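J.: Could you build the full structure based on these sequences and the hints that come with them?
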Amino acid sequence: MKPANLLRWYPSAWRERYGEELLALIQDTLDEGRPTWRLRLGMVRGGLRERVHQAGQAGITAVKRASSTWLLAVATGLILAGLPWNLKASLPPSRAWQGAAALDALAGVIAFTGAAVLASGLVAAPAFIAFLREGGWPKIRRRVVWAAGATVAAGGGLAGLGLAQRSMTSAQLSHSWAYFIGDVATALALVAAFGLWTSVAAATAKHLKLAPRARAAQLLLAAVTVTAVLTMVTANTIWLAAVQSSLPWLVVGVANLALVGVVTPRMIGRAVRKGRRMRSATSRGRYSPSAPRSAG
Amino acid sequence: MAPSGLRRANDPPLLILVSLADGPKHGHALAKDIEDFAGVRLGPGALYGAITRLVERGLIEPLGGDDRRRPYRITPPGSAALAGALADLRRVTSAGLARLGLDPA
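Chains as they are written, first to last, in numbering that gives the first Met the number 0: chain A, 0 to 295; chain B, 0 to 104.
A hint or two may mislead.
[As the list claims (entries may be wrong)] The following label-pair restraints were derived from C-beta to C-beta distances:
#: 1; chain 1: A; residue 1: Val262; chain 2: B; residue 2: Gly83; range: 21 to 31 Å
#: 2; chain 1: A; residue 1: Lys208; chain 2: B; residue 2: Ala94; range: 38 to 48 Å
#: 3; chain 1: B; residue 1: Asn9; chain 2: A; residue 2: Gly260; range: 37 to 47 Å
[Unchecked claim] A few chain B positions that, by computed beta-carbon distances, are all more than 10 Å from chain A:
#: 4; residue: Asn9
#: 5; residue: Ala30
#: 6; residue: Pro43
#: 7; residue: Glu60
#: 8; residue: Leu62
#: 9; residue: Ala82
#: 10; residue: Ala86
#: 11; residue: Gly100
[Said to hold, decoys possible] Cβ-to-Cβ under 8 Å is the rule here; a few derived chain B residues that face chain A:
#: 12; residue: Gly42
#: 13; residue: Gly63
#: 14; residue: Arg67
#: 15; residue: Arg68
Calculated directly from the structure, the hints in this document are not laboratory data.
It should be emphasised that the depicted structure is a prediction, and the values quoted were computed from it without experimental measurement.
Note that CB positions come from ideal geometry on N, CA and C, so glycine has one too.
T.: If you want it as structure tokens, here you go:
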């Protein structure tokens with residue numbers, strides 16, 4: 000077997016970068032001899048490990064992107080879209096406290112999330128203003144236009160639903176196809192608006208030159224916001240379980256609660272550690288505010 | 000695992016950093032040097048797997064020159080990571096030797 004054939008176990012991008020060097024090393028090692036079984040097995044193992052590593056990196060990147068934008072937006076949108084229905088639902092007096100507790104928790108978390116998002120915006124505000132002054136608006140204009148369009152559509156939908164609720168009885172509403180379609184379309188527009196605004200925020204963040212302290216604060220606020228949204232999902236699910244006396248929803252709610260308890264402390268801890276590393280790198284003079292990256 | 004990814008004394012990344020600490024080397028020179036000072040024979044696959052990870056983490060970097068026998072050198076973060084890993088190893092070694100009564104100091 001020719002030494003070059005041993006490289007086929009490696010991914011093509013890796014071969015392009017390191018292939019010639021590895022071949023030269025193999026030739027130096029063999030010194031005109033034939034590849035031994037030990038060397039062949041080492042190459043197979045090395046090549047497969049490289050493929051697994053690359054697949055893992057691609058997967059992590061995809062999950063990070065999805066979790067940082069669309070998942071958060073979709074979860075928030077779905078919660079807000081379901082809220083009016085949940086608010087309308089009534090409970091028997093004996094279990095009213097369950098629903099009231101879930102609703103209080105939900106309202107509290109919504110307020111907390113809003114505060115976290117606001118704080119995040121304030122931390123980034125000076126860098127955002129500098130970005131606009133340096134002519135950054137065209138880089139985000141198209142995304143902002145789409146997000147604003149979706150927001151107007153969602154607002155129009157909510158206004159229309161409100162008018163319908165005032166002019167029609169509950170029985171008429173429950174049998175109206177137009178109301179049902181309007182309700183679904185409004186929910187979709189809300190989800191789209193949240194998703195598109197999140198996309199605007201993510202695209203803008205790539206261009207901001209944030210100071211290390213501000214970056215550390217942003218990391219922590221992002222982790223806190225995701226925690227808050229996951230808590231909202233949990234509270235909403237338990238609320239549904241109480242409203243519908245549904246064991247499956249209760250199981251989902253408890254499972255969510257366990258997930259929040261396990262995942263979010265680690266996420267916040269990771270953000271705190273990363274922020275600390277940034278600050279200590281700054282104090283050692285090895286960190287400078289990030290240069291603007293290309294739009295994703 | 001340490002943030003630098005360096006774990007044990009016979010880890011290929013640690014051996015490579017030690018080898019590069021006294022100057023740049025290409026693949027074959029690295030393998031020979033590591034065999035000389037550590038008695039560990041790293042195959043081409045293992046050696047380049049470790050080189051890839053170290054380059055990704057910014058602990059070593061390639062130098063220009065002959066593409067087929069490209070030398071690598073340790074970066075400042077690589078030197079810092081190596082110093083940290085060696086300090087950890089020295090602490091464990093000292094404790095072990097002291098407990099065995101082999102190193103009264």
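J.: Evaluate each hint against the coordinates.
T.: Results of checking the hints against the structure:
1. A:Val262 - B:Gly83: 21 to 31 Å: holds (30 Å)
2. A:Lys208 - B:Ala94: 38 to 48 Å: Roughly 46 Å apart at Cβ, these two residues keep to the hinted range, so it holds.
3. B:Asn9 - A:Gly260: 37 to 47 Å: holds (39 Å)
4. Asn9: At roughly 16 Å from the nearest Cβ of chain A, Asn9 of chain B sits farther out than 10 Å, so the non-interface label holds.
5. Ala30: violated (7 Å)
6. Pro43: Its Cβ does come within 10 Å of chain A, the nearest being 5 Å, so this is violated.
7. Glu60: holds (13 Å)
8. Leu62: holds (12 Å)
9. Ala82: holds (13 Å)
10. Ala86: holds (17 Å)
11. Gly100: holds (39 Å)
12. Gly42: Holds, about 4 Å.
13. Gly63: violated (13 Å)
14. Arg67: holds (4 Å)
15. Arg68: With a closest approach of 5 Å, the Arg68 of chain B hint holds.
In this structure, the earlier hints numbered 5, 6 and 13 are contradicted, and the remaining ones agree with it.
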